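Enquirer: Could you put the whole structure together from the sequences, leaning on the hints where they help?
In terms of the working numbering, the sequence shown opens at residue 1 and continues consecutively.
Everything labelled a hint here was simulated from the structure, so no lab data went into it.
Predicted model only: the values in this text are computed from it and were never measured.
Backbone N, C-alpha and C define an ideal beta-carbon position, used for all residues, glycine too.
One or more of the hints may lead you astray.
[Claimed, not checked] Capping the alpha-carbon separation at 27 Å, the derived lysine-lysine pairs in BS3-like fashion look like this:
| id | residue 1 | residue 2 |
| --- | --- | --- |
| 1 | LYS109 | LYS91 |
| 2 | LYS120 | LYS32 |
| 3 | LYS31 | LYS109 |
| 4 | LYS91 | LYS51 |
| 5 | LYS109 | LYS32 |
| 6 | LYS117 | LYS32 |
| 7 | LYS120 | LYS31 |
| 8 | LYS117 | LYS31 |
[Stated by the list, open to error] So the derived label-pair ranges between C-beta atoms look like this:
| id | residue 1 | residue 2 | range |
| --- | --- | --- | --- |
| 9 | LYS31 | ILE57 | 37 to 47 Å |
| 10 | SER60 | ALA119 | 31 to 41 Å |
| 11 | ALA56 | ILE113 | 24 to 34 Å |
| 12 | PHE43 | ILE113 | 20 to 30 Å |
| 13 | HIS42 | HIS87 | 32 to 42 Å |
| 14 | LEU116 | LYS91 | 42 to 52 Å |
| 15 | LEU116 | MET9 | 37 to 47 Å |
| 16 | ILE124 | LYS32 | 12 to 22 Å |
| 17 | ILE124 | LYS51 | 11 to 21 Å |
| 18 | ILE57 | TRP106 | 25 to 35 Å |
| 19 | SER21 | GLN66 | 19 to 29 Å |
| 20 | MET9 | GLY75 | 44 to 54 Å |
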Amino acid sequence: MDLNGIEPMTIAGWVTVAAGSGDCGEPSRDKKMNSDVLDVAHFAGVSFVPKSYQGAIAPSGDSTIQVSGVFTLHGTPHDLTVPMQIHIDGKSLTARTHFSVPYVQWGLKDPSIFILKVAKDVDIDHALVGGLSF
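Expert: Following this line, the structure appears as C-alpha coordinates:
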(Lines of atoms letter the chains of each structure in order from A; the text may use other names.)
(Lines give C-alpha, C1' and ligand atoms only; values in the text may rest on other atoms or scores of the structure.)
Protein backbone atom coordinates (compact mmCIF):
# COMPACT_ATOMS: atom_id res chain seq x y z
CA MET A 1 0.00 0.00 0.00
CA ASP A 2 1.33 3.48 -0.75
CA LEU A 3 1.60 6.38 1.64
CA ASN A 4 -1.83 7.70 0.69
CA GLY A 5 -3.51 4.41 1.52
CA ILE A 6 -4.52 3.76 -2.09
CA GLU A 7 -3.72 0.32 -3.43
CA PRO A 8 -2.13 0.43 -6.93
CA MET A 9 -4.11 -1.19 -9.75
CA THR A 10 -2.36 -3.48 -12.23
CA ILE A 11 -2.00 -2.48 -15.85
CA ALA A 12 -0.46 -4.22 -18.85
CA GLY A 13 0.89 -3.28 -22.26
CA TRP A 14 3.99 -1.65 -23.70
CA VAL A 15 5.08 1.38 -25.66
CA THR A 16 8.13 1.32 -27.91
CA VAL A 17 9.55 4.40 -29.60
CA ALA A 18 12.38 4.60 -32.15
CA ALA A 19 15.42 5.81 -30.19
CA GLY A 20 16.40 8.21 -32.98
CA SER A 21 12.96 9.80 -33.34
CA GLY A 22 13.64 12.74 -31.02
CA ASP A 23 13.90 16.19 -32.57
CA CYS A 24 15.46 19.09 -30.68
CA GLY A 25 15.27 21.39 -33.71
CA GLU A 26 19.01 21.30 -34.40
CA PRO A 27 19.87 18.50 -36.91
CA SER A 28 23.59 18.35 -36.02
CA ARG A 29 22.80 18.02 -32.30
CA ASP A 30 20.22 15.29 -33.02
CA LYS A 31 22.77 13.43 -35.16
CA LYS A 32 25.38 13.55 -32.37
CA MET A 33 22.81 12.45 -29.77
CA ASN A 34 21.68 9.55 -31.94
CA SER A 35 25.16 8.28 -32.79
CA ASP A 36 27.30 9.18 -29.75
CA VAL A 37 24.83 8.99 -26.84
CA LEU A 38 21.89 6.78 -27.78
CA ASP A 39 23.88 4.52 -30.15
CA VAL A 40 20.74 3.87 -32.22
CA ALA A 41 22.66 1.46 -34.45
CA HIS A 42 22.79 -0.97 -31.51
CA PHE A 43 19.80 0.21 -29.40
CA ALA A 44 17.09 1.10 -31.91
CA GLY A 45 14.18 1.26 -29.47
CA VAL A 46 13.25 2.81 -26.15
CA SER A 47 10.39 1.11 -24.33
CA PHE A 48 8.07 1.53 -21.37
CA VAL A 49 6.19 -1.41 -19.90
CA PRO A 50 3.57 -0.26 -17.38
CA LYS A 51 2.99 -2.47 -14.34
CA SER A 52 0.55 -0.50 -12.16
CA TYR A 53 -1.25 2.79 -11.82
CA GLN A 54 -2.61 4.91 -9.00
CA GLY A 55 -5.63 7.13 -9.28
CA ALA A 56 -9.16 6.75 -10.54
CA ILE A 57 -10.03 6.52 -14.22
CA ALA A 58 -13.43 8.02 -15.02
CA PRO A 59 -15.57 6.03 -17.50
CA SER A 60 -15.71 9.16 -19.67
CA GLY A 61 -14.00 12.52 -19.76
CA ASP A 62 -10.67 13.41 -18.16
CA SER A 63 -8.63 11.62 -15.49
CA THR A 64 -5.12 11.97 -14.12
CA ILE A 65 -3.19 8.93 -12.90
CA GLN A 66 0.37 7.95 -12.01
CA VAL A 67 1.69 5.02 -14.07
CA SER A 68 4.62 2.96 -12.74
CA GLY A 69 6.62 0.56 -14.84
CA VAL A 70 9.94 -0.26 -16.44
CA PHE A 71 11.57 2.19 -18.88
CA THR A 72 14.30 0.54 -20.95
CA LEU A 73 16.92 2.87 -22.41
CA HIS A 74 20.14 1.75 -24.07
CA GLY A 75 19.26 -1.84 -23.17
CA THR A 76 19.06 -1.13 -19.43
CA PRO A 77 15.77 -1.26 -17.47
CA HIS A 78 14.89 1.51 -15.00
CA ASP A 79 11.87 1.79 -12.69
CA LEU A 80 9.91 4.92 -13.54
CA THR A 81 6.62 6.53 -12.55
CA VAL A 82 5.05 9.03 -14.95
CA PRO A 83 1.99 11.26 -14.66
CA MET A 84 -0.63 10.55 -17.30
CA GLN A 85 -3.64 12.56 -18.37
CA ILE A 86 -6.33 10.37 -19.92
CA HIS A 87 -9.38 11.38 -21.94
CA ILE A 88 -12.09 8.83 -22.73
CA ASP A 89 -14.81 9.56 -25.25
CA GLY A 90 -16.95 6.50 -25.96
CA LYS A 91 -14.52 3.81 -27.09
CA SER A 92 -11.73 6.29 -27.92
CA LEU A 93 -8.90 6.95 -25.49
CA THR A 94 -6.15 9.56 -25.56
CA ALA A 95 -3.31 9.57 -23.04
CA ARG A 96 -0.66 12.26 -22.65
CA THR A 97 2.41 12.38 -20.47
CA HIS A 98 5.37 14.64 -19.79
CA PHE A 99 8.39 13.47 -17.79
CA SER A 100 12.17 13.80 -17.60
CA VAL A 101 14.71 11.05 -18.27
CA PRO A 102 18.00 11.44 -16.34
CA TYR A 103 20.02 9.81 -19.12
CA VAL A 104 23.46 10.77 -17.76
CA GLN A 105 22.56 9.51 -14.28
CA TRP A 106 21.39 6.28 -15.96
CA GLY A 107 24.85 5.74 -17.47
CA LEU A 108 24.66 7.28 -20.94
CA LYS A 109 27.42 9.54 -22.24
CA ASP A 110 27.30 13.25 -21.38
CA PRO A 111 27.52 15.03 -24.77
CA SER A 112 28.78 18.28 -23.21
CA ILE A 113 32.04 19.63 -24.55
CA PHE A 114 34.35 22.37 -23.34
CA ILE A 115 32.26 25.34 -24.52
CA LEU A 116 28.88 23.64 -24.99
CA LYS A 117 27.08 22.38 -21.90
CA VAL A 118 23.97 20.23 -22.33
CA ALA A 119 21.26 19.27 -19.86
CA LYS A 120 21.79 15.96 -18.08
CA ASP A 121 18.07 15.16 -18.39
CA VAL A 122 15.86 15.12 -21.44
CA ASP A 123 12.18 16.08 -21.33
CA ILE A 124 9.77 13.69 -22.97
CA ASP A 125 6.30 14.60 -24.23
CA HIS A 126 4.32 11.65 -25.50
CA ALA A 127 0.76 11.20 -26.71
CA LEU A 128 -0.95 7.83 -27.19
CA VAL A 129 -4.21 7.23 -29.03
CA GLY A 130 -6.14 4.00 -28.79
CA GLY A 131 -9.47 2.34 -28.41
CA LEU A 132 -11.29 0.60 -25.61
CA SER A 133 -12.84 -2.84 -25.91
CA PHE A 134 -15.50 -4.03 -23.54
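Enquirer: For each hint, tell me whether it holds in the structure or not.
Expert: Status of each hint after checking the structure:
no.: 1; hint: LYS109 to LYS91; verdict: violated, 43 Å
no.: 2; hint: LYS120 to LYS32; verdict: holds, 15 Å
no.: 3; hint: LYS31 to LYS109; verdict: holds, 14 Å
no.: 4; hint: LYS91 to LYS51; verdict: holds, 23 Å
no.: 5; hint: LYS109 to LYS32; verdict: holds, 11 Å
no.: 6; hint: LYS117 to LYS32; verdict: holds, 14 Å
no.: 7; hint: LYS120 to LYS31; verdict: holds, 17 Å
no.: 8; hint: LYS117 to LYS31; verdict: holds, 17 Å
no.: 9; hint: LYS31 to ILE57: 37 to 47 Å; verdict: holds, 40 Å
no.: 10; hint: SER60 to ALA119: 31 to 41 Å; verdict: holds, 38 Å
no.: 11; hint: ALA56 to ILE113: 24 to 34 Å; verdict: violated, 47 Å
no.: 12; hint: PHE43 to ILE113: 20 to 30 Å; verdict: holds, 22 Å
no.: 13; hint: HIS42 to HIS87: 32 to 42 Å; verdict: holds, 37 Å
no.: 14; hint: LEU116 to LYS91: 42 to 52 Å; verdict: holds, 48 Å
no.: 15; hint: LEU116 to MET9: 37 to 47 Å; verdict: holds, 44 Å
no.: 16; hint: ILE124 to LYS32: 12 to 22 Å; verdict: holds, 19 Å
no.: 17; hint: ILE124 to LYS51: 11 to 21 Å; verdict: holds, 18 Å
no.: 18; hint: ILE57 to TRP106: 25 to 35 Å; verdict: holds, 30 Å
no.: 19; hint: SER21 to GLN66: 19 to 29 Å; verdict: holds, 25 Å
no.: 20; hint: MET9 to GLY75: 44 to 54 Å; verdict: violated, 29 Å
Checked against the numbered hints above, the structure breaks hints 1, 11 and 20 and satisfies the rest.
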